[in-house]
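Residue numbering for the first sequence follows this note's numbering, starting at 903 and increasing by one per position.
Keep in mind that the hints were calculated from the coordinates and are not lab data.
Cβ atoms here follow ideal geometry from the backbone N, Cα and C, with glycine treated the same way.
Hints should not be assumed to be uniformly reliable.
To be verified - The calculated DMTMM-like cross-link candidates involving lysine to aspartate or glutamate, where the alpha carbons are at most 25 Å apart (straight line), are: (1) K1014 to D1091; (2) K1014 to D1045; (3) K1014 to E957; (4) K923 to D1032; (5) K1014 to E1095; (6) K1014 to D995; (7) K923 to D995.
As the list claims (entries may be wrong) - Here are the computed distance ranges between Cβ atoms for each label pair: (8) G1092 to G938: 36 to 42 Å; (9) G934 to G1042: 19 to 25 Å; (10) S1146 to R1107: 21 to 27 Å; (11) Q1012 to R1151: 42 to 48 Å; (12) C984 to Q1012: 46 to 52 Å; (13) G1116 to R1138: 23 to 29 Å.
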Amino acid sequence: MPELPDVEGFRQVLVSCAQGKVIRRVDVRDAGVLHGVSARRLREALEGRRFTEPERHGKWLLARTGGPTLLLHFGMTGRLLCARPGDAVEAHDRVLFGLGGDRQLRYRDQRKLQGLWLADDDSGVARLLDRQGPDALAVGREDFEAALSARRGHIKTALTDQSVLAGLGNLLADEILWRAGLHPRTRADGLSETERRHLYTHMRRTLRSAVTAGCVPPRDAWLTGHRDDPDPMCPRCGTHLRRSRLAGRGTVWCPRCQPEGT
DNA sequence: CTGTATGTTGGCGG
DNA sequence: GCCGCCAACATACA
């Protein structure tokens, strides 16, 4: 699930559930999601602190406390949710944060592909995020174009490479390329001035809608609404969609709207 | 059993 | 060094 729009939604959960609240109890149910920190050290670092305004960079969520920062990454199946302390704990609830105001923030994740990190200070945060390119929602047109021009590989690979641009995942990349009319194998540094501009514009529009929805919505008018159909058709022109493997992921595109070459 | 899944990393060969 | 591809990580589901 989690790409930039989902993580932005989790940031909102953190704001409404936990911002300003004291962390009374950190309950690590599965230490397998902790990276570079023990359950005990996590508890000692966070209990008694208060969550302040959280930030997001790409697919990373930064839960600030005024002291150490908790960094969360959701992999493919992670979520953040707000519960009551008495609510039944589910099998995949890995860490529970008991808060003031009778709230409980939960990191739930089925597959444990990523997890939680703790940074003592800003330099610790910077170390953890040092491979991240500019955030896809915050990046300006010029930096976006410069990042792509520096890449000789396929455009889809560049868009989903977090060190080039942070936040886009497999669904968003396919969606944006479809809207921009670009074949996913187009060379990133081979885009015309116009194509680069369109790509940036469509990335912004797609991200804005998706952030509002809290996910890449599987709407009928979106490519994402059809990628899992047995015989998927392009919602714009009715052509049979193509499927293949690119950048290590299942890739869907419309051969008519996104012609190869040129 | 096989293949797939919205993520990331590290290794291999070109 | 850059690039594409693949396995690995852990788990569920068709």
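Quiz prompt | Distance restraint between K1014 and D1091, which requires alpha-carbon spacing of 25 Å or less | solution = 35 Å, violated
Exercise. Decide if the proposed pair is consistent with the structure: K1014 and E957, CA atoms, cutoff 25 Å inclusive.
Key: Roughly 22 Å between the alpha carbons, so the hint for K1014 and E957 holds.
Self-check item: Cβ separation of G934 and G1042, checked against the hinted range 19 to 25 Å
Solution: 39 Å, violated
Quiz item: Taking 23 to 29 Å as the hint, is the beta-carbon distance of G1116 and R1138 inside that range?
Solution: Taking Cβ atoms as reference, G1116 and R1138 lie about 24 Å apart, which means the hint holds.
Quiz item: Is the gap between the beta carbons of Q1012 and R1151 within 42 to 48 Å?
Solution: Since Q1012 and R1151 have Cβ atoms about 19 Å apart, the given range 42 to 48 Å is violated.
Quiz item: Between K923 and D995, does the CA-CA distance stay at or below 25 Å?
Solution: 20 Å, holds
Quiz item: Is K1014 within 25 Å of E1095, Cα to Cα?
Solution: 41 Å, violated
Quiz item: Would you say the C-beta atoms of G1092 and G938 sit inside 36 to 42 Å of each other?
Solution: 40 Å, holds
Quiz prompt | Hinted pair K1014 and D995, Cα distance within 25 Å | solution = Given that 25 Å is the threshold and the Cα spacing comes to 11 Å, the pair holds.
Exercise. For the pair supplied as a hint, K1014 and D1045, confirm whether the alpha-carbon distance does not exceed 25 Å.
Key: 33 Å, violated
Self-check item: Holds or violated: K923 to D1032, with C-alpha atoms at most 25 Å apart
Solution: Cα-Cα ~29 Å, so violated.
Quiz item: Does the Cβ-Cβ separation between S1146 and R1107 fall within 21 to 27 Å?
Solution: 26 Å, holds
In summary, the structure is inconsistent with hints 1, 2, 4, 5, 9, 11, 12 from the numbered list given earlier, while agreeing with the others.
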